[in-house]
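Visitor: Each protein sequence line maps, in turn, to chains A and B. Per my numbering: the first sequence = residues 25 to 324. Per my numbering: the second sequence = residues 10 to 325.
These aren't lab readings, by the way, just hints derived from the structure by calculation. Keep in mind that the hints are not guaranteed to be accurate.
Straight-line distance between alpha carbons at most 20 Å, and here's what the computed EDC-like set of lysine to aspartate or glutamate pairs gives [what the hints assert, rightly or not]:
(1) B:K310 <-> A:E110
(2) A:K66 <-> B:E121
(3) A:K319 <-> B:E129
(4) B:K310 <-> A:E103
(5) A:K319 <-> B:E121
(6) A:K152 <-> B:E130
(7) B:K305 <-> A:D102
(8) B:K305 <-> A:E103
(9) B:K310 <-> A:E261
(10) A:K319 <-> B:E130
(11) A:K319 <-> B:D125
(12) B:K305 <-> A:E110
(13) B:K241 <-> B:E216
(14) B:K43 <-> B:E172
(15) A:K152 <-> B:E162
(16) A:K278 <-> A:E261
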Amino acid sequence: MELLAQLAPKTFWNAQNGSGELFIKIILGLLVSTGIVVALFKTPNQLRRWVITAVTFFSGLFYVLFWIYPTPINRQPDEAPRNVLEGFSFWLSDAQPVVADLTNIIAAFLIGLGIYSLLRVHLGRIGKQQRDWQFSVVLIAGMVIMVIFGYVDWYMRLDPANAKMAGSGYVGWTFWQFGRDLLFNGLLQNMDAGMFSIVAFYILSAAYRAFRARSVEATILLVTALIVMLSLMGLIEYFWAQGVDGMHLSNNFKLDNVARWLRANVQTPAIRGIDFGVGIGLLSMGVRLWLNLEKTGGSN
Amino acid sequence: MGQNYLDNGWISILITLFMVTVVLFNILRAHGVKDLFIRRIAGLNAIDEAVGRATEMGRPVLMVPGLTDTAVNAKTMQAINIFAHVSRIAARFANPILVCCYNASTFTVAQEIIRDVYQEEGLIDRYDVDSVRFISDRQFAFAAGVAGLILREQAAATFFMGEFYAESLILAETANSVGAIQVASSTELTQTPFFIAACDYVLIGDEFYAASAFLTRQPVLVGSLIGQDWCKLAIAWLIVMGVVSNSIQLKGGSSNKVTQAWKEGKVDQLKKPRPFNMGDTTMSRWLNPDPAKDIKIERPKLSPDEMPPKGSGGDN
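The shape of chain B in the complex, shown without the other chains (with noise of 0.2 Å):
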């Protein structure tokens, strides 16, 4: 079975695991350890100031969970687990909101959890079935969709959060015409910029998956967060030590070539060296796996009876 994993490469898996690892050691950590501390996020401290201004103004708060064209994934849950929080201040202020939805399984969790918020605030009376919304699952009829309804419903507050491509801009400069204090991120690196330049405050990066932790303080959170910081610096010390170890390794030049040569035992190349690349490093070689496409494995046959006839569909 080994030599399976010459085709997708055990590092990666190796590394997945240890961070996987790594975050649920922090999350029983943190539950006998009070008053972890995360670092201020400007974004997430201007919620209470965005919706208490949508309160004053008697306009609703309008936010988007991203366009996600795969059923729920993390981001989408992620982009929701922080409106829930946002819709609990609404709630409590009995401000009107908006959840503007890409897709119908977006749809259908959102409304269940925003529901459940109300219920738990014992504020069910408060929520109206349409707050939230389907809107289309094509992606420039949504931006039209909802830049119709931020400017209708003339919204005092807007949150853009999870996955947004092109329609970023049309959704946050509409937002800003009229008038609306904005907060926004995008897990598409391409789009923060246009979020950056169009709204007031902007999570990026990992500030996204951090917001749950910091809005809620829960010791799960807060530990995984903690666990994340910590992957990160042993990404950070595999990066250096990628950068040692090729240093070392290219700088060996001819002898490295030969030896290398040797191990894949092609005697040929000894008589004509080729240059040592970076593609002959350790470090490269362990993160670009080859694909084990020249070896050849017997295995039984199937008896006829257990193939489908030719013809007989298949994969028709």
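Isolated chain A (complex conformation) (with noise of 0.2 Å):
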């Protein structure tokens, strides 16, 4: 099992499996973080404030020289920087890893507060026998049952007489390996292809909708929509084709034609702005949220 200070080679960020600095380290870096989770319940409101843009300017700090600083060529595990200066590319990379594991971390405790607000909700619900309450009974029991089974089959996986149990019939198949795989791969998964499936129907009725000719631009769209799906069937588009055949400018006009015109030298370069836009945007607001110069919450 890979932990977080293990990798090799060996850097400020790793230690030996099992040695005494390895066991130091995940103590400091412990302290470390109930340190600052208790100074910052400690810290008053006003403070509290600084604190987050400095944490939120060194962590956009961090990223912002990752990738300006050129990375290290051709590295092999058993080098050794040459300079102070590639020494602080060989340290970017060698953090990076760990920075992103940091960000999983902190992201995955996140995920105690997001069952609190489901359990808070559906469980209110039960209570007060509200409207469609037994759906939300379901939905715990689901959620309880799929945690028991998926942490029991996780635990008997870490056994390495069970590691062949990767499907029915093996040794060591037994009553929670089933459970899980009707759940998940019985249940779940095809639940979810269930609701993908409904987009199919969906796609159908908006069109139908989008697709009439109510002003200029309804219009425009009614026509390529048509002439694209038209150039996508074979004998519609076979017929048309022989129909303009062998007149030199006509040819043109074939729908296969027309499309792929429209495709190239409409549809990509309004993608290509649009995606320009987008882009210049949301490096933008990475800066002002970096920066801490923009207010949330919209305040006017």
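Two independent chains are provided; combine them into the complex using the hints.
Guide: So this is what it looks like as structure tokens:
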């Protein structure tokens, strides 16, 4: 099992598996994080805002430097940096997986708050016997049962003797594995697929409303969509091509040629243009958040 | 150190730094200028109408800040900022709201910001803790959960903003089926057509990022928006320059072909010249850097003490 600080080569961020140094680093890490949490709780509200601003800035600065600073080329595990500048790039590369793990760990803690919200809403509904409270019972029962089966199955797989427990029929395939397989592959995956399949019907109803020529824009949309759709229907495309074949200029009006022209000269440039706008907007938003220039909450 | 930039393309870093500078410069500039013009955005004008309609009908306003797989990112923050504005209006009208979150990080941030909004308005007694909810972090379970909420609560107005994927149409069509007025925006371009087909108002592309500036008129946001426009102009200029430079180089034909081969030291190519293609143009070489796979760098070796012993863990 990979733990946070066990990856080769030896860097500031890791230590040898089972060594005292590793445990000291883990304990130090726990102490530092606990200290930060306690300090945040004790900090007055006004100062806390500054602490959060500083943490945001330094977290962002790490990724800005990681991206801007040159990465070491063809670095081998047994190589040391040639100078201080390269040493910094080694440090950044070594630290990146650790920082990414830290983000994941913090996000994992938040799942507890999410589950609390879920339980609060649905237990409240069951308690008050509100409308459709039975669905809340199904939700909570489903969640608890899935957690139990998932955890027991995971725990049993930790034993090397059960390593081959990949499919039914294997030695060690017990009630727990069967239950997890039934719940996850037998129910959840199929229900997911069922929800996804609904999209096909919704596309039809949405297209019916969208493709009505109510305005100039809607008419353009309708005609364009019609050409592209017809170009994908082999039989219609074939007869259309037969009709215009051999006439030099009209060859351009074969359905697949028109559809290709629309995709290459209308659709793609439009998407590229929107992409540029979205990218610049995202960059600008990121800079504002990083430098704490924006007051969240949209106060006016 | 310079050779290391061969690997990651200095031009992209330069362009990004330029754009960041332009945005920051305009943010500074906007502090001294009043009444900067922002064009009308229909979807944002409709917010008041949508919330007002929900109030008249006595039904809730439902908001979804997208489906972000990672922790909270800039797109989610932008969506929550817009929802903060919607919540502010809803709070004034004493209208119930529902914010459905896809992941726990978004849920935590959204809860904090929405509560702050009610507090700022002095209407904290109207804030319902359950109005911001974590639904599920599984795509279609989330879609089913939100669709269920829309149907049960008969939402009068829905706002879908942020990252949406295949579930976009499920949400939008369900809301349409209960007659909700819908304002939507997806940062995923593949989903924008679905929203256009199913929703009343759609913010397309960077309108989503312009929303905060439009709604709040804060100098920082308006300045940033103008900076974005400058950047777009710069990119348009770069595209034109690229077209011109590529056209000149590609028309140059054989003379360019020989020069390029000499520059690269590939003398054998002079005997059998190859056509000068798009990949040889200066613009293409700038924007598509070659990974420096062949560069060998001599570095000092770590001593055996500094390396983990074999079989003792390492990358176990």
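Visitor: So, for every hint listed, does it hold in this structure?
Guide: Evaluation of the provided hints:
About 14 Å separates the Cα atoms of B:K310 and A:E110, which keeps this hinted pair within 20 Å; it holds. The straight-line distance between the Cα atoms of A:K66 and B:E121 is roughly 19 Å, inside the 20 Å bound, and the hint therefore holds. Our distance criterion of 20 Å between C-alpha atoms is met by A:K319 and B:E129, whose separation comes to about 13 Å. Distance check on the hinted pair: B:K310 and A:E103 sit about 5 Å apart at the alpha-carbon level, within 20 Å; holds.
Pair hint A:K319 plus B:E121 holds up; C-alpha atoms about 13 Å apart against a cutoff of 20 Å. A C-alpha spacing of about 31 Å is found between A:K152 and B:E130, which places the hinted pair above 20 Å, so the restraint is violated. At roughly 15 Å between alpha-carbon atoms, B:K305 and A:D102 fall within 20 Å of each other, so this suggested pair holds. For the given pair, B:K305 sits about 13 Å from A:E103 by alpha-carbon distance, which is consistent with the 20 Å threshold.
Using a Cα cut-off of 20 Å, the hinted pair B:K310 and A:E261 is violated, with the two alpha carbons roughly 66 Å apart. Annotation: proposed proximity of A:K319 to B:E130 holds, straight-line Cα distance about 16 Å (limit 20 Å). A C-alpha spacing of about 12 Å is found between A:K319 and B:D125, which places the hinted pair at or below 20 Å, so the restraint holds. At roughly 15 Å between alpha-carbon atoms, B:K305 and A:E110 fall within 20 Å of each other, so this suggested pair holds.
A C-alpha spacing of about 13 Å is found between B:K241 and B:E216, which places the hinted pair at or below 20 Å, so the restraint holds. For the hint linking B:K43 to B:E172, the alpha-carbon distance of about 33 Å lies beyond 20 Å, and the restraint is violated. Distance hint between A:K152 and B:E162 is fulfilled; the C-alpha atoms sit about 17 Å from each other, no more than 20 Å. Under the criterion of a C-alpha separation no larger than 20 Å, the hint pairing A:K278 with A:E261 is consistent with the structure, at around 8 Å.
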